[in-house]
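Need the complex rebuilt from these two chains, each delivered in its own frame; the hints are there to steer you.
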Amino acid sequence: MSTTEKALEGTGRFLDDRLHGASGLNRFLRKIFPDHWSFLLGEIALYTFIILLLTGTFLTLFFQPSMTEVTYHGVYTPLDGVRMSEAYSSTLNISFDVRGGLLMRQIHHWAALLFIGAIMVHMLRVFFTGAYRKPREFNWLIGIIIFSIAIFEGLFGYSLPDDLLSGTGLKITQGVLESFPIVGTYLSFFLFGGQFPGHDIIPRLYVIHVLIIPAVLLALIAAHVFLTFHLKHTQFPGKGRTNANVVGAPMYPYFMAKTGAFFFFIFAVLALLSTFAQINPIWLFGPYNPSAITAGSQPDFYMGALEGALRMMPNWVWNVAGHTFAFNEFIPALLPLGIIFGGGAMWPFIEQWVTGDRGEHHILDRPRNAPTRTGIGVAAVVFYGVIWLEGANDVIANHLDISLFLTTWIARITVIVGPIIAYWVTKRVCLGLQRKDAHLLEHGIETGIIRQLPNGAYVEATRPVSENDEAVLISRTGLPPLPAPAADEEVPAKSMRGGMGRMRLALNRVVTEGIAAPTGNGHGEEHANGHGEPAAISGQGDQGRDGQDSGSSS
Amino acid sequence: MSDMTEGPRDLPQGSDGEQDEGSRAPHRVIGTPPPAEARTLLASEQEPPQRPRIIVPTGPAAKRGERLVATFFLLSGLASIGFVASYVTLRPGSLVDTLRSNLTLGIAMSVAFGAIAIGAVLWLHLLMPKVEIPEDRHSIASSPAERAEFADTFAEGAERSGFVKRPLVRRSLLGASVLLGVAPLVVLRDLGPLPETKLRHTAWARGRRLLVLGPNTPIRPADFSSPGQMITVAPEGFEDNQDAMAKAATIIIKFRPGQLKPPTVMNWAVDNIVAYSKICTHVGCPVALYEQTTHRILCPCHQSTFDAARGAKVVFGPAPRALPQLPLGVDSEGFLISTNDYHVPVGPSFWELGGSGFSGGNEQS
Ligand code: HEM
Ligand code: FES
Chain A
1233 MSTTEKALEG TGRFLDDRLH GASGLNRFLR KIFPDHWSFL LGEIALYTFI ILLLTGTFLT
1293 LFFQPSMTEV TYHGVYTPLD GVRMSEAYSS TLNISFDVRG GLLMRQIHHW AALLFIGAIM
1353 VHMLRVFFTG AYRKPREFNW LIGIIIFSIA IFEGLFGYSL PDDLLSGTGL KITQGVLESF
1413 PIVGTYLSFF LFGGQFPGHD IIPRLYVIHV LIIPAVLLAL IAAHVFLTFH LKHTQFPGKG
1473 RTNANVVGAP MYPYFMAKTG AFFFFIFAVL ALLSTFAQIN PIWLFGPYNP SAITAGSQPD
1533 FYMGALEGAL RMMPNWVWNV AGHTFAFNEF IPALLPLGII FGGGAMWPFI EQWVTGDRGE
1593 HHILDRPRNA PTRTGIGVAA VVFYGVIWLE GANDVIANHL DISLFLTTWI ARITVIVGPI
1653 IAYWVTKRVC LGLQRKDAHL LEHGIETGII RQLPNGAYVE ATRPVSENDE AVLISRTGLP
1713 PLPAPAADEE VPAKSMRGGM GRMRLALNRV VTEGIAAPTG NGHGEEHANG HGEPAAISGQ
1773 GDQGRDGQDS GSSS
Chain B
539 MSDMTEGPRD LPQGSDGEQD EGSRAPHRVI GTPPPAEART LLASEQEPPQ RPRIIVPTGP
599 AAKRGERLVA TFFLLSGLAS IGFVASYVTL RPGSLVDTLR SNLTLGIAMS VAFGAIAIGA
659 VLWLHLLMPK VEIPEDRHSI ASSPAERAEF ADTFAEGAER SGFVKRPLVR RSLLGASVLL
719 GVAPLVVLRD LGPLPETKLR HTAWARGRRL LVLGPNTPIR PADFSSPGQM ITVAPEGFED
779 NQDAMAKAAT IIIKFRPGQL KPPTVMNWAV DNIVAYSKIC THVGCPVALY EQTTHRILCP
839 CHQSTFDAAR GAKVVFGPAP RALPQLPLGV DSEGFLISTN DYHVPVGPSF WELGGSGFSG
899 GNEQS
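Sequence order for the protein chains is A and B. So in my numbering the end of the first sequence lands on 1786, straight run, no missing numbers. So in my numbering the end of the second sequence lands on 903, straight run, no missing numbers.
Hint data in this document are derived by calculation from the structure and do not stem from the laboratory. Among the clues, some could well be false.
[Claimed, not checked] Below, in silico cross-link-like pairs of lysine-lysine (DSS-like), each with a Cα-Cα straight-line distance of 25 Å or less: (1) K1464(A) to K668(B); (2) K668(B) to K1263(A); (3) K1238(A) to K1263(A); (4) K1263(A) to K1464(A); (5) K1490(A) to K668(B); (6) K1471(A) to K1263(A); (7) K1668(A) to K1471(A); (8) K601(B) to K1490(A); (9) K1366(A) to K1471(A); (10) K1490(A) to K1263(A); (11) K1471(A) to K668(B); (12) K1263(A) to K1366(A); (13) K1490(A) to K1464(A); (14) K668(B) to K601(B); (15) K1471(A) to K1490(A).
[As the list claims (entries may be wrong)] If you want the footprint, here are the derived chain B segments under chain A, 3+ residues with CB under 8 Å: (16) 811 to 821; (17) 827 to 841; (18) 848 to 855.
The structure presented is a predicted model; accordingly, all values stated were derived computationally and were not measured. The C-beta atom is built at its ideal place from N, Cα and C for all residues, glycine as well.
Chain B with its partners taken away, still in its complex shape (with noise of 0.2 Å):
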């Protein structure tokens, strides 16, 4: 290769400090060469290789350097030891003995690729002569001449191979490998059912009571006594179903005589209990902040506001619509329960959503 040829100009003489051996001693074969590498004679009789002298730091100094170096690598080997010694020794079996451990771990380990690191940088500088060198770069087109050749070759196999002069051949194989790629896209089908209107419907239904979530437990109006709370219900019998929970969470409010205002749909709420979707418009994260004096609902994700006095509609932020209302009543022993699924979707826009969503029963204006 012409690098090999090169290799003597990538390290003129004198660039850095070093001198050429070569020209005062002859090369020198090291032990006997084996009498059946002839190449090898032959090549040392020709022109000997010609390398830089190398003068690599002595002294004191660079004693003490060297004694600095092989300092951090035996602590790095240290350090792995104290690693193992770690893992051996500290079990975990709680909280504290974990943390232990890691510490432990992790120091050891920190100063077993640290002190790595250090040595070798410190090698680097006490003890290894500095060098500065150019190398030539070679241009990155390929020469007239090669391309030339290329094409030919290029040329030369479609010709051969007719693969121009035969377009039915050729139109047949394109065509069949387009749909050699395009068929098995099929096998994708079943990653998942397809939507249909499964946005369109949550958990809720006529006459499904009203749990309290975590201690999923009915509710009476008169339990809700304490205006400006909010609580979240789930709707009975999908309380630890998170599939259903991802669209049925729903949160109650409950107001003082007269605070609410349209468009919250009045006869959706019971004694001044009002019920929302809990999964923001915007993208669908739980709303679970509200703020009683404003009556405010706030989705901690991005901020968008809703006005719970006035059918939750928007307020501020992102989110386009206002959070949907459950039909809320009471059943036969006094408990809330929806008196039919949401009028519109709940969560977030979708293409298939449509204006009427954004105006079932609860509009936003």
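For reference, chain A alone in the conformation it holds in the complex (with noise of 0.2 Å):
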């Protein structure tokens, strides 16, 4: 301890004294993060970014995005000869002549694809746990934002390798572009500086991937996390957690060590990917030529919903005068994806005014308490893995021994019908489980010793569910239904008249279906809850200081 607070006197005092940091630095040490495995689905989408500067800067240093023709005399002896773009010549070397260059080269993309992923699963976690409700919706949108353009970014860097696999990915993504009505054509001469390859777009899509959405990312990524920090973070229900407080660990030491940790984790099973799983390996491939494809071959992962949308829509065009509205092409491009950004940007909205819910949420729902939003976000995955799979029907075509149309057919069907069921079926299994839940905190947990009394019936006894259980289980208090305007109310409240205020009293009716809120098995207090008007921050209120880990470990 002396040391310590030595160490802070001289270095610490030159510091304040110039930039005044240790009130604020005090503060965010002592910042209390909740713990939950699901909480670290972030982390690792902001720890792979990191990783990916790190290995795209490496990258950068030896890439040449440049699609001058050059004759190839590598170590790879296989193409020993081959007239290829410097920017495919340069990754070459990359991968043999440059040390320690695959490696990068396979993090870099195995990082690129984690990123994905973990921003997709991340994603799935704020929406079934409702983190995205007041006050955190900007976050949402920013992630949102982060998304879509984390899978831009994605593509381009893809793209710049210039190899056969990656020019026909480009190419496809150049023939719906110039598909789009009006501008289509002008924007595809603009990106590719006249017509398709052209000598432009490995240098654009470069400075594009490595300077300006980076940028952009970063910045968006800054304020996503400072926002997380601003607004501390959201816990799940349990003994002691109310929506006033947080209750964790603090910054310094514990989130600092467990965090970096992490960091290392994730780093440590990149390298390790990358040493033993190879990853787009293009000298296989060969250098891109518009006369040539490979078959069979699979785009990034992210790629797939796009790549089975046009494969699953109808050969629909429309020609009127003289000029043609391309439906094949950009409505496969744009509606899917549109349907779940647009719709996952306008949701928390959505519900705020189907529910007429607008207090501050800090603790999180668990899902099956939530059976509307949860039966909507198990569609929306139903609608997007259906057309994911599509992607790759070929795949599924071949291992199931049935026809490639066939494939495409079901997939049409599903793609609507299959959302459908999934919803009505998730509500039913949350409203099952909301059952069960409400059965335990009445009766107990069952203990299945049987007891005879006194006057010859026989009853299992039961044990009341523990304190933190029962924090959970109470957890759920059910939305009020909005009221209904009465009969001879003669001005019905604004935001209830009208075709608007009925669908707005219809949905409300959908998401406020449940069965009745808890009320606890005799010894429960009343908790401070995550619902309703009064969900104001009120201080003190009702800390429940116990069931705290108590001692320390040895």
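So this is what it looks like as structure tokens:
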């Protein structure tokens, strides 16, 4: 202790005299972080991004973003004497001549996959637990923007090596772009500096990939992390946890140690993958050539949905007055992801409007306790999943030994029917789980011990659930339905009038559908909860201070 | 800041088995405070800051933990040295060398990172006391007083600047800003040429020979005698021009007499050899697969399927129109040539394509 304080004396004073950092840093170090495995998902995304910056910067030192043709004479002899772009030949050099280059390329690529995968799962966690609710709507929107930009970043990076696979991906991108009504051909000519492929696209994608998008991502991610700090983390329900507090371990040293270890762990996993699992072996595909293609190749997984949508769409076009609406191209490019991103962006506000719930929420919902939201979320996952699977319909057709056309027809039907069924089933499952919870709370846990009562009847002995479980079970309060305007009421509230009002009421009935809120098994006190207007933070309130981990371990 | 005074409340007594030391032990000033630091002295004379006593794990188990943690950190250090050693000793030079270098560098790197991660987690679990502390949340919204103050400040500034009272200044500035924002967009004009009719033409023209791609040799109908084969050809002189080939890539297929049916344009075929654009009319992949028993051309990208015996019309998939047919002829030396460019644009649909693009010679029906 004395040495720690001494260390602070000199440097600390020097810095604080100039920066006035002590008070702010003190709060920062004491900041409390709640713990749950699912809170790590966002961290995976953050750390893979940092790893992408590090490895990507290494790659820029050797990569040549140029479409000038060269003849290859390098370590990889099977391509000796082949004419190719400088971009492709420099990627071969990174892979074979630069020591550690292959490792860096593979880490970069694996990290890109993990980055986008982690974002997806993180978003699902946030959605299903209702973490996007007030006051965190901005962070939800920032997250959606990050997700959509990240997909482009990945696509552009994948295009840089100019191999046969990435060139085919670029051709598809260009074909779709060209189909957009009115502006399509102009966009394509301006982006490619003329007709496909031209000589400009790789240098242009390069500057977008290594400068523009990373800068935007960095700013957005910084804002995202800052807001998470500023608004403090949400927490799952539990004993002593209320809407007015946050229970966990302080930043320093606990969270720092944990998250630091986690960063190193992710780096280690990526290094391990890149050592043993080959990814994007561009030397096997050969350089890009517009009249060649490799069959059966798959794009990176995050492009699967776009690919699937293109495969699934019927070949509808519409010719009017000498112009072509290529629905078969721009609809699959825009609609499915438009529904996911647009719907996702609007959802928090739709939910607020339908439920009338404008309170702050810092306690997470268990998915079962918001059956409609959970149902919609699962429906969205099924919708996306079907389209994504259709992106690999040739592989599926091969494995199941059915025709390609059949898989496409199955996909066309399930993409509409699947989400509806998924919604319905999920909602029923949630309500069933709620019923089970209510039963637990009311009757306690069945012990399996049968007793005979004096009057001869047999009963099974039960014991009450633990205090922590009770706090979890009781966290479901059920949203109060909006009051219907009474028939004799002369002027219903403005928000309840007209067609919109009726729709709101109908939707509200769907959202608030659920079983009666639990009451507790006798010894439960009133807990502050996560719902309703009066959720205002009231300071001390009811800080259950019992039940913490006591004592120290050794 | 208010949080300074909240400190003690954030760490209430007993919550983690820690006791308040401040009440028993007086605050100690470590070392000799420099005389100039009157503030420090003053502060220490006032209320001694209270800090809970931290009980860290001790005893043999903790000692073992300490050694374990240090072992992992040392292991990481060794792996870093191994990384450097591998970098220096293993030089690339062949495929095998590269893979060997990748293997050793990768393993060393994984261990260097992984061991630190494991060490830190063990440190956390074996050597740090467990805590769970509640912290109050504060209302996100500012207090009404703060909001009112902000509104005042804002109104005051607006009044001083006359932004509201002087519409001429305001409007002229807004107008100028809009123009300033829009004007620089013109510099993007030179990103590329205008499309004009470029998408309507390819490198094919009257009298251009078909070169078999690869050997790049012209071909006579008699050389292409095996029915059921599909060959990719290029217009002579453009076989190495990627920009030209992106639109001009063409396939020729030989049929048995009588197999070709409408809407194939019969007099564009020579000796039952037909030529179709290789650029898929969906989004432009090269259509590369041919199933000779069914005469179907399949695009590997999204599986659009075309009937080669019937003007390459669409049988299935997202492509909306037939693959355009190239009019073929034979030159004086007997080599296959194109007698014209494609009559309709090749490749994916675009805004300016229009209905005529769907019926240029070989209609889809
Ligand atoms: C500032 C950050 C980044 C820099 C400087 C950077 C740089 C590069 C460079 C130079 C390449 C060259 C190609 C190669 O040799 O393989 C590349 C490829 C690539 N980049 Fe990035 N990148 C960055 C961030 C990202 C991010 C955020 C993603 C993903 C979302 C990403 C995904 C990719 C992919 C998939 C490739 C293809 C790699 C391969 O073919 O193996 N990059 N990047
Ligand atoms: S490009 Fe041929 S089917 Fe899509």
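Quick one, are K1490(A) and K1263(A) close enough, alpha carbons at most 25 Å?
holds, 14 Å
Please work out if K601(B) and K1490(A) have their alpha carbons no farther apart than 25 Å.
holds, 21 Å
Distance restraint between K1471(A) and K1490(A), which requires alpha-carbon spacing of 25 Å or less:
holds, 23 Å
Has the given pair, K1238(A) with K1263(A), been kept, meaning a C-alpha gap of at most 25 Å?
It holds: about 24 Å lies between the C-alpha atoms, which stays within 25 Å.
Is it true that the CA of K1471(A) sits at most 25 Å from the CA of K1263(A)?
holds, 20 Å
Starting from K1490(A), check that the Cα of K1464(A) is at most 25 Å away, please.
holds, 18 Å
Holds or violated: are the alpha carbons of K668(B) and K1263(A) at most 25 Å from each other?
holds, 16 Å
Is K1668(A) close enough to K1471(A), meaning Cα to Cα at most 25 Å?
holds, 20 Å
Pairwise hint evaluation, K668(B) against K1490(A), where the allowed Cα distance is 25 Å at most:
Distance ~13 Å between K1490(A) and K668(B) Cα, so the pair holds.
Within 25 Å, alpha carbon to alpha carbon, are K1263(A) and K1366(A)?
holds, 21 Å
Under the criterion that the straight-line Cα-Cα distance not exceed 25 Å, is the pair K1263(A), K1464(A) satisfied?
Given pair K1263(A), K1464(A) holds - Cα atoms ~8 Å apart, limit 25 Å.
Verify this for me: three or more residues of the stretch 827 to 841 of chain B with a beta carbon less than 8 Å from a beta carbon of chain A.
holds (count 5)
Of the numbered hints listed earlier, not one is contradicted by the structure.
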